[in-house]
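Asks: Turn these sequences into a full structure, and let the hints guide you.
Going by our numbering, the sequence shown opens with residue 3, and the numbers climb by one from there.
Under the rule of at most 27 angstroms between Cα atoms (straight-line distance), these lysine-lysine pairs were calculated in the DSS-like manner:
| no. | residue 1 | residue 2 |
| --- | --- | --- |
| 1 | K82 | K35 |
| 2 | K58 | K115 |
| 3 | K33 | K17 |
| 4 | K17 | K35 |
| 5 | K58 | K42 |
Just so you know, these hints were derived from the structure itself, not from any lab.
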Amino acid sequence: MNATNHITPFTHFTKEELSLLSEEEIITGFKLKNPQITQKYFYSFCKNAYTTWNKKYQLLDKEELDFYTLSNDYYLRMVKNNWKDLEEDRKTASLQTWIIGGFRYSILDALEKYNMEQDQKFKSCLLYTSPSPRDMRRS
Numbered sequence: 003m004n005a006t007n008h009i010t011p012f013t014h015f016t017k018e019e020l021s022l023l024s025e026e027e028i029i030t031g032f033k034l035k036n037p038q039i040t041q042k043y044f045y046s047f048c049k050n051a052y053t054t055w056n057k058k059y060q061l062l063d064k065e066e067l068d069f070y071t072l073s074n075d076y077y078l079r080m081v082k083n084n085w086k087d088l089e090e091d092r093k094t095a096s097l098q099t100w101i102i103g104g105f106r107y108s109i110l111d112a113l114e115k116y117n118m119e120q121d122q123k124f125k126s127c128l129l130y131t132s133p134s135p136r137d138m139r140r141s
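Replies: Now the structure itself:
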């Protein structure tokens with residue numbers, strides 16, 4: 003099925019039609035923000051990756067590292083760039099591999115930011131509770 007010219011944000015696909023889309027048609031659907039294509043492919047690929055990375059990093063236990071926050075941030079970044087990174091860098095990987103790999107980097111970036119914020123909170127707490135030099139002389 004070569005529906006690239008017929009894909010719009012409002013094109014409705016049957017389950018069978020949706021499962022038969024080529025990678026080029028899927029990318030066209032992403033660019034045009036077709037909700038069925040975005041849900042079926044982008045978010046399901048990200049969900050699989052999130053499940054794997056959550057097991058390793060316990061993401062659900064960390065503020066703002068839930069699936070919806072991370073996947074929506076990744077999606078909006080891709081939309082902002084009109085999916086150019088996907089088109090330019092995907093030459094050696096399948097669409098699924100590319101999206102999962104990109105989402106992995108988004109997760110790792112968010113996790114690094116989270117850990118830095120936690121370190122800063124911890125250091126602030128230590129500074130507040132550490133004895134002053136004057137307190138040290140009294141003991």
